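Knowing the structure of chain H, use the given hints to seat chain X on it.
Residue-level listing of the chains:
Number of protein chains: 2
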Amino acid sequence: MISDTAMYDHDLPSICYGLRGLTYMQIDVTGPNKDLHSGSFGGGVNNPINALALIISKLKDEKDNILIDGFYDDVKPLSQKEKDEFKRLPYDEEKFKAELGVDELFGEEGYTTIERTSARPTLDCNGIWGGFAGEGAKTVLPSTAGAKVSMRLVPDQDPAKIEKLFTDYVNKITPKSVKVRITSLHGGKPSVTPIDTPAIKAAMRALKMGFGVEPVFMKEGGSIPIVNSFKEILGADAILLGFGLPDENAHSPDEHLDLNNFHNGILSVTYFYNELSKLNK
Amino acid sequence: MISDTAMYDHDLPSICYGLRGLTYMQIDVTGPNKDLHSGSFGGGVNNPINALALIISKLKDEKDNILIDGFYDDVKPLSQKEKDEFKRLPYDEEKFKAELGVDELFGEEGYTTIERTSARPTLDCNGIWGGFAGEGAKTVLPSTAGAKVSMRLVPDQDPAKIEKLFTDYVNKITPKSVKVRITSLHGGKPSVTPIDTPAIKAAMRALKMGFGVEPVFMKEGGSIPIVNSFKEILGADAILLGFGLPDENAHSPDEHLDLNNFHNGILSVTYFYNELSKLNK
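Quick mapping for you: the protein sequence lines, in order, are chains H and X.
Under the numbering used here, the first residue of the first sequence carries the number 147, and numbering increases by one thereafter.
Under the numbering used here, the first residue of the second sequence carries the number 147, and numbering increases by one thereafter.
No lab work stands behind these hints, which were simulated from the structure alone.
The reader is advised that the hints may include incorrect statements.
List of simulated lysine-lysine pairs, DSS-like, C-alpha gap at most 25 Å [as the list claims (entries may be wrong)]:
| # | chain 1 | residue 1 | chain 2 | residue 2 |
| --- | --- | --- | --- | --- |
| 1 | H | K180 | X | K241 |
| 2 | X | K209 | H | K322 |
| 3 | H | K241 | X | K229 |
| 4 | H | K204 | X | K209 |
| 5 | H | K318 | X | K243 |
| 6 | X | K322 | H | K325 |
| 7 | X | K322 | H | K209 |
| 8 | X | K243 | H | K325 |
| 9 | H | K322 | X | K243 |
| 10 | X | K209 | H | K318 |
| 11 | X | K222 | H | K243 |
| 12 | H | K209 | X | K243 |
| 13 | H | K241 | X | K180 |
| 14 | X | K241 | H | K325 |
| 15 | H | K204 | X | K284 |
| 16 | H | K180 | X | K322 |
| 17 | X | K284 | H | K284 |
| 18 | X | K204 | H | K209 |
Here are some chain H residues the structure puts well away from chain X; computed CB gaps all over 12 Å [claimed, not checked]:
| # | residue |
| --- | --- |
| 19 | G190 |
| 20 | V191 |
| 21 | K227 |
| 22 | D249 |
| 23 | E281 |
| 24 | A306 |
| 25 | K307 |
| 26 | R327 |
| 27 | I341 |
| 28 | T343 |
| 29 | A345 |
| 30 | M350 |
| 31 | M355 |
| 32 | N374 |
Taking CB as the label site, the calculated pair distances span [said to hold, decoys possible]:
| # | chain 1 | residue 1 | chain 2 | residue 2 | range |
| --- | --- | --- | --- | --- | --- |
| 33 | H | K233 | X | E255 | 47 to 55 Å |
| 34 | H | F363 | X | A279 | 34 to 42 Å |
| 35 | H | D302 | X | P321 | 52 to 60 Å |
| 36 | X | N395 | H | G280 | 18 to 26 Å |
| 37 | H | E281 | X | H402 | 40 to 48 Å |
Treat the numbers as computed from the prediction; the structure is a model and nothing was measured.
Ideal Cβ positions, reconstructed from N, Cα and C, are used throughout, including at glycine.
For reference, chain H alone in the conformation it holds in the complex (with noise of 0.2 Å):
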């Protein structure tokens, strides 16, 4: 059992039931072999940032389709029932936009923004970085610039496969004037585990006592490398139950928890042990 999925909504005790893969990158560009002055030789060699912006342009069109060759090749459409699955959990777009302080969403086309989010593969940048970043004007025409940028992968690509496809993209799209490094930070497969098995069947008895709700069936976009390797090494499926909530600021300033949520799973997990010691015997 891992707690590191969220709960889909308030009071809406949640089973994770699949989780998206991840490649990591790191792209550095180099231009010129030290910081420039852009006003001596602006016009004379290309610069770094631009160049980069120009590769990071490359990696998505407008309509967030990803353009690295054969990044889609392996990916498993969706089924109707697990389309019919996704409509039944509920979601406000108004609410989620004001939340979110977005005029408009963003995502491919042709998927509700809970496919797009849990079920579809994604390119994001993390990081990027290059020049002058104070306050004020510097006019400078830097050496190198560099970007973090991930993947989130869903049955059945491979992280190894796309990190492999994503250099030879990037190499092949990087102009001649400048040199590139592409670096492989992190990995991870994605993984969905069966959802009728014993095991989960406590798991939804036990969320039903802690919370007092049925409980819903959903998929993360996150990542959670390890509950591959326990299958493929230890042939075990992971029960995925998490009790953090969505607006609770992950992986950002201000990240809390819930204390109902907190109560509520710590007397869920209780249940869970015990009915799956009943299993067991």
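Relative to the frame of chain H, chain X by itself:
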């Protein structure tokens, strides 16, 4: 007299008669109102780093042509006389590439490197930032990202007009799924000074006495906004006598000054004031 330009080459005393102008802008992009977990939210909302990279990639095409609507409208074409003068300056492309450590130069087609770095307008990113830039991997979908972008201007471009064109264009190309704030940080008009005045002739005599070599005329890609203010407000043409060399790492670590030029520069300036005092008698 201002000593803020460079000598064209070693042992080649130089009088600068043209400077590029400058418009220096900052772009701040905001996506969601807080940093998010890229697994849980990736695919749902636009990522400000990806959006910023897209914006930057649309400022220039892949041949270094600036795409801002109206940007080239007021640019005077290079005269044949000017092109001929540039051709007389010593320039070794292989040496230039080797000094900067690049395999390929980059700039507008149809212009030489000297023309592109001194007499054509250019656009460079001077800095970029956003998200996680430390060692290793953090799966954040950041709330904000920003960049500094400057443009070198030539006669008769006006920095205030270019600032407006830049702002309108960036607003036009920014995706609706993010917000953008555009700020002007600095601006200066380009300038060209006449080269047949008594004061310029005095400077030519002074440089010849100081260095023992006939000086050359050159344009400089950098910007010294006060040169234009001296002309507009005082009616005075500035004499630009600089004694730094292009490979002395201006605006970069290990900036330095050749001692021989330092001493000959002192002599030249002394001779210059002496020659100038004769004119005023």
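Now for the hints, and whether the structure bears them out:
1. Taking the CA atoms of K180 of chain H and K241 of chain X, the gap is about 16 Å. The hint holds against a cut of 25 Å.
2. Distance restraint check for K209 of chain X and K322 of chain H: the Cα-Cα separation of roughly 12 Å lies within the 25 Å cut-off, and the hinted pair is therefore satisfied.
3. Taken as a hint, the K241 of chain H and K229 of chain X pair is broken in the structure, with Cα atoms around 62 Å apart against an allowance of 25 Å.
4. Of the pairs offered as hints, the one joining K204 of chain H and K209 of chain X holds, with about 16 Å between alpha carbons and a cut-off of 25 Å not exceeded.
5. Distance restraint check for K318 of chain H and K243 of chain X: the Cα-Cα separation of roughly 22 Å lies within the 25 Å cut-off, and the hinted pair is therefore satisfied.
6. Distance hint between K322 of chain X and K325 of chain H is unfulfilled; the C-alpha atoms sit about 33 Å from each other, more than 25 Å.
7. Between K322 of chain X and K209 of chain H the alpha-carbon distance is near 12 Å, which keeps this suggested pair within the 25 Å criterion.
8. Restraint check: the Cα-Cα separation between K243 of chain X and K325 of chain H comes to about 14 Å, which is no more than 25 Å; the hinted pair holds.
9. At roughly 13 Å between alpha-carbon atoms, K322 of chain H and K243 of chain X fall within 25 Å of each other, so this suggested pair holds.
10. A threshold of 25 Å between alpha carbons decides the hint, and for K209 of chain X with K318 of chain H the separation of about 17 Å falls inside it, so the pair holds.
11. Our distance criterion of 25 Å between C-alpha atoms is broken by K222 of chain X and K243 of chain H, whose separation comes to about 48 Å.
12. Pair hint K209 of chain H plus K243 of chain X does not hold up; C-alpha atoms about 39 Å apart against a cutoff of 25 Å.
13. The hinted pair formed by K241 of chain H and K180 of chain X meets the criterion: a straight-line CA distance of about 16 Å does not exceed 25 Å.
14. At most 25 Å may separate the alpha-carbon atoms for a hinted pair to count; K241 of chain X and K325 of chain H meet this at roughly 19 Å.
15. Proximity of K204 of chain H to K284 of chain X is assessed by CA-CA distance (about 22 Å); at most 25 Å being required, the pair is judged to hold.
16. Our distance criterion of 25 Å between C-alpha atoms is broken by K180 of chain H and K322 of chain X, whose separation comes to about 37 Å.
17. Using a Cα cut-off of 25 Å, the hinted pair K284 of chain X and K284 of chain H is violated, with the two alpha carbons roughly 29 Å apart.
18. Simply put, K204 of chain X and K209 of chain H have alpha-carbon atoms about 16 Å apart, close enough for the 25 Å limit, and the pair holds.
19. Against the 12 Å criterion, G190 of chain H falls within the reach of chain X, whose nearest CB is about 4 Å from its own CB.
20. Look at V191 of chain H: its CB is around 5 Å from the nearest CB on chain X, not clear of 12 Å, so calling it non-interface is violated.
21. Against the 12 Å criterion, K227 of chain H stays outside the reach of chain X, whose nearest CB is about 21 Å from its own CB.
22. A Cβ of chain X approaches the Cβ of D249 of chain H within 12 Å, the least distance being about 6 Å, so the stated non-interface status is violated.
23. With 12 Å as the threshold on Cβ separation, the claim that E281 of chain H sits away from chain X is violated: the shortest Cβ distance comes to roughly 9 Å.
24. Residue placement check: A306 of chain H keeps its beta carbon more than 12 Å from all beta carbons of chain X (closest about 16 Å).
25. Separation of K307 of chain H from chain X is adequate, the least Cβ-Cβ distance of about 19 Å exceeding the 12 Å criterion.
26. With 12 Å as the threshold on Cβ separation, the claim that R327 of chain H sits away from chain X holds: the shortest Cβ distance comes to roughly 14 Å.
27. Every Cβ of chain X is farther than 12 Å from the Cβ of I341 of chain H; the closest lies at roughly 20 Å, confirming the non-interface assignment.
28. With a closest Cβ-Cβ approach of about 25 Å to chain X, T343 of chain H is found to remain outside the 12 Å limit, as its non-interface label requires.
29. For A345 of chain H, the condition that its CB be more than 12 Å from all CB atoms of chain X holds, with the nearest at approximately 24 Å.
30. The Cβ of M350 of chain H lies farther than 12 Å from every Cβ of chain X, with a closest approach of about 23 Å, so its non-interface assignment holds.
31. No beta-carbon of chain X comes within 12 Å of the beta-carbon of M355 of chain H; the shortest separation is about 27 Å.
32. With a least CB separation of 15 Å from chain X, N374 of chain H remains clear of the 12 Å interface cut-off, as annotated.
33. Our hint of 47 to 55 Å for K233 of chain H and E255 of chain X holds, since their Cβ atoms are close to 54 Å apart.
34. For the pair F363 of chain H and A279 of chain X, the beta carbons lie near 38 Å from each other, so the given range of 34 to 42 Å is met.
35. The hinted range of 52 to 60 Å is not satisfied by D302 of chain H and P321 of chain X, whose Cβ atoms lie roughly 31 Å apart.
36. Taking the beta carbon of each, N395 of chain X and G280 of chain H are about 20 Å apart, inside 18 to 26 Å as hinted.
37. Between E281 of chain H and H402 of chain X the CB atoms are about 27 Å apart, so this pair departs from the stated range of 40 to 48 Å.
Against the hints set out earlier in the document, violations occur for numbers 3, 6, 11, 12, 16, 17, 19, 20, 22, 23, 35 and 37.
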